[in-house]
Amino acid sequence: MRRRIVRLRTLTATAALALAASLLSPQPGSAADEPPPAADYCEGQCADVLPPGASGNATLAEILAHRVFGTQPAHAEDQLGPYDKLSSGYPSLTDDKLTEFFNDASFGVRDGQVASVTKPRDDVTITRDKKYGIPHIKGSTRYGTEFGAGFAAGQDRLWLIDLFRHIGRGQLTSFAGGAPANQGLEQQFWPQAPYTEEDLEKQVEYIKSTQGERGKQAMEDAQAYIDGLNAYRTKSKNGRYFPGEYVLTGKIDAITNAGEIEPFKVTDMIALASVVGGLFGNGGGGEVDVALSLLKAQEKYGVEKGTQVWESFRARNDPESVQTIHDGTSFPYAGKPENARGTAMPDPGSVEREQLVYDREGGAKPTSGDKAAKDPVKAPEKLKPLQGMYDKGVLPSDLFRRDGQKKGMSNALVVSGKHTASGNPVAVFGPQTGYFAPQLLMQQELQGPGISARGVSFAGVGMYVQLGRGQDYAWSATSAGQDITDTYAVELCEPGGGAPTKQSAHYLHHGTCTPMEKMERKNAWKPTVADSTAAGSYRMQVFRTKYGVVTHRASVGGKPVAYVSLRSTYRHEADSIIGFQMLNDPTYVKDASTFKKAAQNISYAFNWFYADSRDTAYYNSGANPERAKDIDPALPVKAQQAYEWRDFDPANNTSAQTPAAEHPQSVNQDYYISWNNKQAKDFSTAGFGVSAVHRGDLLDGRVKKLTEQGGVTRAKLTQAMSEAAVTDLRGEQVLPELLKVLRSKPVTDPAQAKAVQQLEAWQQAGSQRNQTAAGSKKYAHPDAVRIMDAWWPLLIEAEFKPGMGKDLYDSLTAQLGTDESPSAGHGPTGAHAGSAFQYGWWGFADKDLRSVLGEPVKGGLGEKYCGEGKLDACRDALLTTLTQAAAKPANEVYPGDASCSAGDQWCADSVVHRALGGITHGPIQWQNRPTYQQVVEFPEHR
Numbered sequence: 006m007r008r009r010i011v012r013l014r015t016l017t018a019t020a021a022l023a024l025a026a027s028l029l030s031p032q033p034g035s036a037a038d039e040p041p042p043a044a045d046y047c048e049g050q051c052a053d054v055l056p057p058g059a060s061g062n063a064t065l066a067e068i069l070a071h072r073v074f075g076t077q078p079a080h081a082e083d084q085l086g087p088y089d090k091l092s093s094g095y096p097s098l099t100d101d102k103l104t105e106f107f108n109d110a111s112f113g114v115r116d117g118q119v120a121s122v123t124k125p126r127d128d129v130t131i132t133r134d135k136k137y138g139i140p141h142i143k144g145s146t147r148y149g150t151e152f153g154a155g156f157a158a159g160q161d162r163l164w165l166i167d168l169f170r171h172i173g174r175g176q177l178t179s180f181a182g183g184a185p186a187n188q189g190l191e192q193q194f195w196p197q198a199p200y201t202e203e204d205l206e207k208q209v210e211y212i213k214s215t216q217g218e219r220g221k222q223a224m225e226d227a228q229a230y231i232d233g234l235n236a237y238r239t240k241s242k243n244g245r246y247f248p249g250e251y252v253l254t255g256k257i258d259a260i261t262n263a264g265e266i267e268p269f270k271v272t273d274m275i276a277l278a279s280v281v282g283g284l285f286g287n288g289g290g291g292e293v294d295v296a297l298s299l300l301k302a303q304e305k306y307g308v309e310k311g312t313q314v315w316e317s318f319r320a321r322n323d324p325e326s327v328q329t330i331h332d333g334t335s336f337p338y339a340g341k342p343e344n345a346r347g348t349a350m351p352d353p354g355s356v357e358r359e360q361l362v363y364d365r366e367g368g369a370k371p372t373s374g375d376k377a378a379k380d381p382v383k384a385p386e387k388l389k390p391l392q393g394m395y396d397k398g399v400l401p402s403d404l405f406r407r408d409g410q411k412k413g414m415s416n417a418l419v420v421s422g423k424h425t426a427s428g429n430p431v432a433v434f435g436p437q438t439g440y441f442a443p444q445l446l447m448q449q450e451l452q453g454p455g456i457s458a459r460g461v462s463f464a465g466v467g468m469y470v471q472l473g474r475g476q477d478y479a480w481s482a483t484s485a486g487q488d489i490t491d492t493y494a495v496e497l498c499e500p501g502g503g504a505p506t507k508q509s510a511h512y513l514h515h516g517t518c519t520p521m522e523k524m525e526r527k528n529a530w531k532p533t534v535a536d537s538t539a540a541g542s543y544r545m546q547v548f549r550t551k552y553g554v555v556t557h558r559a560s561v562g563g564k565p566v567a568y569v570s571l572r573s574t575y576r577h578e579a580d581s582i583i584g585f586q587m588l589n590d591p592t593y594v595k596d597a598s599t600f601k602k603a604a605q606n607i608s609y610a611f612n613w614f615y616a617d618s619r620d621t622a623y624y625n626s627g628a629n630p631e632r633a634k635d636i637d638p639a640l641p642v643k644a645q646q647a648y649e650w651r652d653f654d655p656a657n658n659t660s661a662q663t664p665a666a667e668h669p670q671s672v673n674q675d676y677y678i679s680w681n682n683k684q685a686k687d688f689s690t691a692g693f694g695v696s697a698v699h700r701g702d703l704l705d706g707r708v709k710k711l712t713e714q715g716g717v718t719r720a721k722l723t724q725a726m727s728e729a730a731v732t733d734l735r736g737e738q739v740l741p742e743l744l745k746v747l748r749s750k751p752v753t754d755p756a757q758a759k760a761v762q763q764l765e766a767w768q769q770a771g772s773q774r775n776q777t778a779a780g781s782k783k784y785a786h787p788d789a790v791r792i793m794d795a796w797w798p799l800l801i802e803a804e805f806k807p808g809m810g811k812d813l814y815d816s817l818t819a820q821l822g823t824d825e826s827p828s829a830g831h832g833p834t835g836a837h838a839g840s841a842f843q844y845g846w847w848g849f850a851d852k853d854l855r856s857v858l859g860e861p862v863k864g865g866l867g868e869k870y871c872g873e874g875k876l877d878a879c880r881d882a883l884l885t886t887l888t889q890a891a892a893k894p895a896n897e898v899y900p901g902d903a904s905c906s907a908g909d910q911w912c913a914d915s916v917v918h919r920a921l922g923g924i925t926h927g928p929i930q931w932q933n934r935p936t937y938q939q940v941v942e943f944p945e946h947r
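When you line the sequence shown up against our numbering, it's residues 6 to 947, in that order.
For the record, the hints were derived by calculation from the structure and aren't laboratory data.
If you're wondering where the values come from, they're calculated on a predicted model, not measured in any experiment.
Just so you know, not all the hints are guaranteed correct.
What the hints assert, rightly or not - Here are the simulated DSSO-like pairs of lysine-lysine, each with C-alpha atoms no more than 27 Å apart in a straight line: (1) Lys397 to Lys507; (2) Lys709 to Lys745; (3) Lys527 to Lys270; (4) Lys710 to Lys745; (5) Lys507 to Lys383; (6) Lys370 to Lys531; (7) Lys387 to Lys240; (8) Lys709 to Lys686; (9) Lys710 to Lys242; (10) Lys507 to Lys527; (11) Lys305 to Lys531; (12) Lys370 to Lys256; (13) Lys783 to Lys102; (14) Lys305 to Lys811; (15) Lys240 to Lys256; (16) Lys806 to Lys863; (17) Lys256 to Lys221; (18) Lys811 to Lys893; (19) Lys759 to Lys783.
My request is simple: use the sequences and hints to build the entire structure.
What follows is the structure, encoded as structure tokens:
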């Protein structure tokens, strides 16, 4: 039996004593000997960057000065320029020029570069460098090191941490205001991770009681971190240099200093961890809507043919998809069984989404156009430039969409030393976490007993570096998204034996009629300077069962059921802390093998990459549940004991999990790429969108070519990443097939011929969306880019909708949007999000067009769609839509928004950091690349 609680490998008595001795720390407040400098084996060949800058706090005076005079607080955007310049500077990049675009990520601060030294306790110092103001935390005790990390987090991200703990607790509107986007966001997130305070406390105790000495130490580290954060909270409040957003949201009076910044607790970190995991480390879910799309396919084609067609679009194991492990090694997981058992398909027309919001009052009541009523406060004259800055919400309302299509994510390029110029591995990797101001991530260096690392952590849970480098190794991750969330159909019942209805609040659990647990969150707000939404309130309500939280009501076989969502990491939001602790411990991670063991202790679904001077490695982490035999995880399952996860215990939501050997993993493959693509052969995808064309192809083709040529350097690998970052996936991967169809006969119409020629010229030039020179804000092929942006949605509809019919087409496009161009309003920050081409129909279009052209297709679609499979008819459909697209002026294709005027193509694509506070930043050239990025090559090893 492989239970979650056997997560930490058993320690020998000697090892346990050694671990305890290494982590023992003096009592708080006591001093210890200054630790020796940490060994650094990178020798100046580690670099990183995180725009816009390290500083994420701004006082009210600094916010006002920024809004009135355009000034920026120190270190608020000094990494934005270098990050932006790479898009134009990469063609001439050399290793010597890397520091023009990245920071030196060596340990410590060089002589003469110290800007400040803060000593919040006798046993820790926080040294900041002059260039970027990054905190280098050095402790002589374990407690002091972690206290310093928390204190530095307060210095750099206090408001952000406070904001996200309230999101994690489902209390965003009560904290930041009742703007409709804030209402939408908390209504989207809280049902995915509803907890009571007791639930959060139990998660802390679970880690302490089940994860051995490391678990106990982790929670001590967490408490020290919280102590440091609270120390800064108190000092900044008393010293009146706290973030100005507390004034603007009515928390503190600017004149009297009356008010409070609520103290932080360790349970806040659990809530914060649920936010991070929900954004980047989850996978699966949404099976009810998936089932509805299958029903539409069966309705269109009949059960057998409809299922075949639907499976071809679901593409669980598309043989043409790009894979991180490309040597053919198979890692079967979550596949489609030959004869599925226990599937709980809803009766047609019976599904109702569970009501969440009740008792709307005041500003919570929607008005015409779904806009909330406003009641602006009378602001002092000096604060009027800041009035209403949160009226559109602090974050996009669909940040936590539940369809399994998480946006943004990350990429990685890693090349084995066998193919590099130096003989040492080279890596360019980082998380693509959206563009916020300040960033969700925070840079730091931690040096203390049992800790030696530099990199980034999510603000508020930064006891350890989560992505970065150690003394002689570096690691990073991409979101994996494998299926760790299932939907069960619980049969409803009435306790007195009466006939149940879809609204019944009891369900059968192992034959017993069991009450659902009702969970509520009541939120209320008043207008403030920052948010003018009129005073209002509402109540959110969910029902929780032993199989998860109710999402829908329906009937199955005529019997009323509730569909519930069960995530393996629910009630275990912070268990991954053990893996991060190990990654920061220089006595634990010493090579590729120990790296993989550390990653095995991370519960969230991530792809982890590693490089030192000798080896590269990859490991896919996640609490992958062991499902009962012949269960189809893509569809809802009956909530009966025979179909439960193996060894399922609802008390702590534990179950057997797939053993480490069954997770995709590799050491020293010639190269690795990842851009949220398929991990390995037979490792089934959790949702739609991983098909014959994927943005991972933009990396794979380039890195494969470099590897075959040999002599790879940091600069060459960075160039490959940078070129992919400004390339249109549709232009590079699908336009060649489109042009083949169009050119299958001469194009005689002058307007059509011109459009085709423009597209051909753009495609031959590399299909880039990059400015002609730094600062030009013009593309080399603007008309071709405009035509492609206008054409793609038209051609997809013309290619597929006639053959599918409206109902099936609408159902499948609801599962997978057809396009994600840079100018579209998608991604973790909404429009201007940088991340693009993650989900779309380019793989479907590519397969269909090749099929119509008579070219080989592996894993083809269930039908030929374009022109019903006839080349001439397909060509006609494409030419008709191309004509429509070419006639669309730029101001229609790019209609403008708060950042850009209508018709401004470059600006429509540009990256704009979403302001989470009072400081804003201007647009930069579009780049589809990690937010935080490392470039590393270790020449030496311990």
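Now for the hints, and whether the structure bears them out:
1. Lys397 to Lys507: Distance of about 36 Å is beyond 27 Å: violated.
2. Lys709 to Lys745: It holds: about 26 Å lies between the C-alpha atoms, which stays within 27 Å.
3. Lys527 to Lys270: holds (21 Å)
4. Lys710 to Lys745: holds (25 Å)
5. Lys507 to Lys383: At roughly 48 Å apart (the allowed maximum being 27 Å), Lys383 and Lys507 break the hint.
6. Lys370 to Lys531: holds (14 Å)
7. Lys387 to Lys240: Distance ~26 Å between Lys387 and Lys240 Cα, so the pair holds.
8. Lys709 to Lys686: Measuring from Cα to Cα gives roughly 18 Å; hence the hint holds.
9. Lys710 to Lys242: The hint is violated at about 56 Å.
10. Lys507 to Lys527: Holds, at roughly 25 Å.
11. Lys305 to Lys531: Violated, at roughly 51 Å.
12. Lys370 to Lys256: holds (24 Å)
13. Lys783 to Lys102: OK: Lys783 and Lys102 at ~25 Å, within 27 Å.
14. Lys305 to Lys811: Roughly 10 Å between the alpha carbons, so the hint for Lys305 and Lys811 holds.
15. Lys240 to Lys256: It holds: about 16 Å lies between the C-alpha atoms, which stays within 27 Å.
16. Lys806 to Lys863: holds (23 Å)
17. Lys256 to Lys221: Given pair Lys256, Lys221 is violated - Cα atoms ~35 Å apart, limit 27 Å.
18. Lys811 to Lys893: Holds, because 25 Å separates the two Cα atoms, which is no more than 27 Å.
19. Lys759 to Lys783: holds (21 Å)
Checked against the numbered hints above, the structure violates hints 1, 5, 9, 11 and 17; every other hint is satisfied.
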